[in-house]
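Peer 1: Whole structure, please, built from the sequences with the hints as guidance.
Number of protein chains: 2
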Amino acid sequence: MVLEARDRVGGRTEGGVLAGHPVELGGTWLGEGHTEMYRLVAELGLETFPTWNDAGTLLLDLGGRRSRMRPHKGATPRLNPIALADLAQGLARFGRLARSVDPAAPWAHPRAALLDGQTFESWIRRTLRTPTGRAYFRVLAEAVHAADATDLSLLHTLFYTASNGDLETLISVDRGAQKDRVVGGSVRVAERLAEDLDVRLGAAVSGLVQDDHGVTVTTRAGAHLRAAHAVVALPPTLAGRLHHSPALPAWRDQLTQRVPAGTVVKCLAAYPTPFWRNRGLNGQAVSDTGPVTVTFDVSPPGAEVGVLLGFVEGGEARRWQRLTAERRRAAVLDRFRHLFGPQAADPVSYVEKDWSAEEFTRGCYGAHFGPGTWTAYGPVLREPVGRIHWAGAEYAVEWSGYMEGAVRSGRTTAEAVLARSASRAPAAVTAP
Amino acid sequence: MVLEARDRVGGRTEGGVLAGHPVELGGTWLGEGHTEMYRLVAELGLETFPTWNDAGTLLLDLGGRRSRMRPHKGATPRLNPIALADLAQGLARFGRLARSVDPAAPWAHPRAALLDGQTFESWIRRTLRTPTGRAYFRVLAEAVHAADATDLSLLHTLFYTASNGDLETLISVDRGAQKDRVVGGSVRVAERLAEDLDVRLGAAVSGLVQDDHGVTVTTRAGAHLRAAHAVVALPPTLAGRLHHSPALPAWRDQLTQRVPAGTVVKCLAAYPTPFWRNRGLNGQAVSDTGPVTVTFDVSPPGAEVGVLLGFVEGGEARRWQRLTAERRRAAVLDRFRHLFGPQAADPVSYVEKDWSAEEFTRGCYGAHFGPGTWTAYGPVLREPVGRIHWAGAEYAVEWSGYMEGAVRSGRTTAEAVLARSASRAPAAVTAP
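Residue numbers (the working numbering), protein chains in the order written: chain A, -6 to 425; chain B, -6 to 425.
Treat the hints as calculated values from the structure; they're not laboratory data.
All of these numbers come straight from a predicted model, not from anything done at the bench.
Where chain B lies over chain A, by a calculated footprint (3+ residues, C-beta under 8 Å):
1) 104 to 117
2) 131 to 143
3) 228 to 240
4) 353 to 363
Even glycine gets a Cβ: it sits at the ideal position worked out from N, Cα and C.
Peer 2: Structure representation (structure tokens):
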């Protein structure tokens, strides 16, 4: 039985319609190595299609200067030689460090205390010498974590990179984490799955009571449901808000006090055609000028319409989310225009989604760990408390933060519950 | 009207009895400059007495080596000259930095981004050169914040120091923040205050609904109470768990995801006499060998019995809170014995309190801000949301983290509510 707080399934994946075509308001991509998701998509009778990446170049807009870059893995940006050398040594050092971290146990690294005792920003300042090199890594933090480099433990950025293969996989389309999309939108995976499950919509859970024989789950509306085990499939910061009886142990409660969600407003603009493709651009840009720091071409497959996606992240999201929707839209379109040309200023339709304003999510893409948290609380992250287990993209060892991680964590957790369950009573799952 | 989740008032102050005498299981001290608390204590007909500090020396136990130090402000520890010089330059640099931070607006510091972008640990490694110097500052982080230096934003440690005068005031007994105690225990302040208030015990609040005319507060037991305004006087991490309708804005919710409470187990041992005084010791010690990092003489006034207090903090608390109470007690008494002599191994009674295990507190002494949080969310910390205000030790500009800060924040908030309230409806207050 699945208790779902919202009146729809999908959580951090959500479907929308723009210019008559389905778009993703949340999680979007399947990537290289996301084997469980490809298998699930096929099993559910759905199809994938490649993210647009075929023609044109990616734009790098750092420190007010634009350069172009081939969008393929192994490509190097066209920067001045000093910035390029600085960036190259920074990427090499980060890569070496990330390869030394075991994503199953970042706290077990021989220098875990040192790596977890500093921010990613401290590492950037120490390692990168050029403004462009620093800007690149800061934008990287925003693009990957929807958080500022100042907010992140260096060990967390290394864990996340190791969990997702390597930095290049993480940020790439071609052979990378943004490789494919689901025809009709990623939310269709959850929708199809829900068809064969007992899902209760609008059933926000308020608390869980455990005893020797099972768990009683109470909803805000006052329903009581009984199960042998429960899986709390919420982002950690929301999981920490449920009432528990008996009260959770100190370490579990203090863990969920320390894993905040990122901050992102996702903005989508539809145009009569993907006009940027004719200008030798592939719709991808990385910029350190706000509000939009990262863009993608997320046009639907086989249609004439073109759709640009812009992420407003971290500090930019905090600044802009307090202003009116009109001002945000104007600022986003102004950046689209700057990057892709005058036609970008006049979309046929536009939509945005602020995930931190969503009561049942409270931030995307996912949780990040500030300094000290992995070493202090990492060992209890995936540990059940009695009959209560935890699952979701944040609990995955591999492909943390992606739909792939969520599915793998779900499978691992379900296997753990089944293995210990002698009873035939169904396990209750509370999903966001 | 005060809605109190517990079956007692006092929150993070709590009375206990040890060897027939009252002791404090939580907040204990009044210090130099805590004018509102001294005024309140007098107004309520209570009395203070000085913390024992008269005879003997403080013990410094760093890197396995013990040294003695006069316990008065301005005293220097007896360390080797190199460690002493290192410590002196570190203290001078920290002091200068702290004086440059305005505790009313740490985010407005001209170098706020730099100071908030690094951990206190990063600053320690860069600034201190000797193992003793580094150990001193790390123990300081634990003693002051019940958190490790790795967990804290440098800007937060500077804010907290500026809020509490200076570092010396913060850590001193004589003319410092640990100067006096309340006869009968600090909890008597809350108990006396409650006598004149409408306090509903056992009334844990689950949610708040705002409309144009007021706030409806719902308790877990299902009671609904109506007021013109509400003051949520919970530690931020607990305030973030209440349901709100309409949902809180993104920035308020994300703030409370980022201000975790510290980790501390407070341990008290009573002896027939304060025997350490006869050995030239004042019962105060600072040590980097766990589990006890800081001790005090908290003997009752005018009695023969002696009481030693030991704090188990940060990483030490996390390690030891997962073991049995018997093992913790043995380890704590072993450290008392090491520091104060063989008599310390056999107390006549012993009690401990793990504040992070308390459902209605979830960590002490208070909240700390990790890197990035003050600059990103500081400006909204003290900002009401509609008819809901926030109060408590964490919201104080001056004497943050102390009972004094809580009282000042309460007064400031009450004045703000009264100033905007045209209505005569009473304001509801939810207290921990």
